[in-house]
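Assemble the whole structure, with the sequences as input and the hints as a guide.
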Amino acid sequence: MNLLNKLTIKNLKLNKRRTIVTIIGIMLAVALINAVATMYFSGMASIIRAEKSTRGDYHTVFYNVPLNDIKTIQNNRNVENITKLKYLGTSKIKSNNPQSPYVSVVAAEKNNINKLGMYLIKGRLPENENEIIITKYLNNIMNTNYSIGDKLTMDIGDRYSKDNIKLKKSENLQDGEKILNTQKREFTIVGIVMEISESVNQPGEVADTVVTCLRKEDIKDNLDLFIRLNKEGLKKPYTAIGDMLGIDGNLYKEVQDDYATGRDATKSGELQEKFAKERKKAKYQFTSRRYLISLETDKRGTSFFGLKYVVAIAIGIIIFTSVFCIKNSFDISITEKNKQYGMLRSIGATKKQVRKNVLFEATILALIGIPLGIFLGYFASFILVKISNVFLKELIVTENEINFELVFDLNWMSAAISALLGMVTIYLSSLRIARKASKVSPINSIRNSADIKIKAKKLKVPKIIKSIFKVGGEISYKNMKRNKKRYRVTIISIVLSIMVYISLTTFMQMMLKQIQLAVGNIDYDIACNIYKENDEEIKILNNIAKTTEGVTDYTLLQTNVGKYDKGFLNKEIKQISENFPDNETVSIIAVGDIEYNKYIKSLGLNYNDIKDKAILIDTVSTATIDASKKPVREIRMLNLKENDKFDVKGDKGEKLTFEIGKITKKRPFATNGYMATPYKILVLSDEYYNKTFKDEKRYSAYYKVKDTSKVKNQIEESLKDYKQKYIANVQETYNDGKHLITLVGIFLYGFIIIIILIGVTNIVNTITTSMELRKQEFAILRSVGMTNKEFNRMIRLETLFIGIKSLFFGIPLGTAISYGIYQAGNMPFEIPLKPILYSAIAVIVLIASIMQYSLIKIKKQNTIETIRNENI
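When we follow the working numbering, the leftmost residue of the sequence shown carries the number 1, and every step to the right adds one.
Derived from the structure by calculation, the hints contain no laboratory data. The structure displayed is predicted, hence computed values, not measured ones. Wrong hints could be hidden among the right ones.
Between beta-carbon pairs, the in silico distance windows are [said to hold, decoys possible]:
| id | residue 1 | residue 2 | range |
| --- | --- | --- | --- |
| 1 | 114 | 552 | 21 to 29 Å |
| 2 | 842 | 114 | 47 to 55 Å |
| 3 | 650 | 298 | 45 to 53 Å |
Glycine is no exception: its CB is placed at the ideal position from the N, C-alpha and C atoms.
Encoded structure:
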């Protein structure tokens, strides 16, 4: 090791505080890069795991493969493993659903059943040919709810039409069909799954599927093969699949890419037609898991395809911020060692040696900071995953009510990326400083005047500073003018911290507002939409409202739409805004007898007087029409009075005339969220509505309840035999939204905190080192009679200047980004006053605290020794 390198190590040890602060800056930058990369890989691993567990761990399925071909496929160099599956037949069951009278029985290899994508709710997977798993749906449609351990006896055979023609399991139900060639088998139910993978239980089948283990005697003829490709096969998955099928793999890939990326409709149609011809050449019928293949290869067509660019932008921001901070540390290091480098240059050290010396210092700091940063990044990611899973337990984010869980993926690539980018960050930070150190002349370096580039005439001090801050303020002002670069870096660090805090806090607030706007006006907890086949469903819904404890409000809503002549529109609306969109439509609704009677009673109306008339709701706020118009007030949308006739056209073009019995702005229960302002509503009695719209079959039931889960479960149980239904727990959706925002907030605020920590580290480093470098100056000033009062004034002015200048740039930049966020979210902009206030207070307090801390240290030093001492 040469003398210069030894001197560098000695200086790092001598200036421990600055060395530690620089290492912390490097460590935080690398930790943040590693955490972002690790969370990306963890998210990707979690999505892949969820996809495998819910839909199966295979990439393609070959149907009806002859036994002679199976070994060839199994030994293919691109195949990792195969799962064999055999369709054993169909059995009739006692079912409450006439559309699903059968159950299909399939058998799979015992060791690979878990690869078929079956999410267990209860029990376990079958381990022999006498055990079976059933689905939640199948259990619901049977007369008896089977439990784990129950016996299930079935006559398994083949479906035949009434003309004795064998039917495929996917064919629609036919009148008079029967099950022939049956074989009686008894199974023990060992597990209940959410559903069977679509590739096993194809949508549209008239039979749900149950799964048992494959026996040797079942392997007589063709089998279905569920194939997982190996790493080699996943390099070109569609070519590998195409080769096994005997079709053009490149064309198959082009078709899959077309699905993922989208293209011109004409070209897409031509491609599909071309591939349809190619598909006929395949040895077997087949299907592929495009989504899983994309997740495990190029991510195209998945959310991660775009997310990797977001991650790249985030890492770019981190590097940009970190370069400033780490560069500042090296800048300060060079400033304090300028005289030293000048002396070395004067006795023969070359520019190259000085430059290498600076880069050597950067390398030493990197070797310490980067490993610590990688470890910290992994630790932070692990904690984030654990915290995220607490919130994700409350969220149903996969189909079929299966909880999604993040897994921590200790991926070597995230460490490699963070180490590489950390080195790039440090190299970029130190390179310019290294060049600068090598270029400064020895004389200027020894005089320590290289950074002072200002003429005397430029040092005029404003009178206000002289009058308020006296001599100390004047000296402080001149010092800031003489050392612009040092203060500029400090200000940039603070500006970046303010900007990131204001903009990302605004983003969080906007997301929360969007959730609140979406459900904030909704006054119901449970919504149920059904298509009425007969009056039985209506009786069930009404009965739930009457008999269930905790139901405080209920309505059964029917809706229709009418078109009116534009002459009915209030002219004042067009005066407020010429561009106000009005589609000349009015919602016509009935709210059920119970709610209707409560509603008209609240309006002081009598049923007999209003039952054949319409109640009009058409009040709108002028802010909705044009937010710029002041003052805000409410106006009517339609030019109608009570007892007027209102002509509209129904959805089939028929003419409908309604007499307006009452005009109000009060809405019935459950219509706030369903039809928000500025819709016009006509409320009819059920009697009047049913006479007007005789063929109406769609109903929506809304419940206000104390226990949402209990009522929702009761509705699901009561309507389990009806497929044409939709049940929503609005309160649960709202809570899910809040949980999701909290989860996003954890990541965003984590990002904010690290960026701010890097900035604060830089601020601490800059200000404390600046104060240390000036301790000789301070000592000289004190030795010539400067009082503590003058001294404090000088420091206060510097604090004020740095704080005000940082806020002057940081607040407008942060607010401008906030404005862009609101515009992108299509929401009215609100100035982020709280984040601005918090950042202003934090900046002033932080700078003042750091300067005060440094001053306390300086004041304790001996004045004469400080003037004589050349080292920090």
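Those earlier numbered hints the structure runs against, lowest number first: 1
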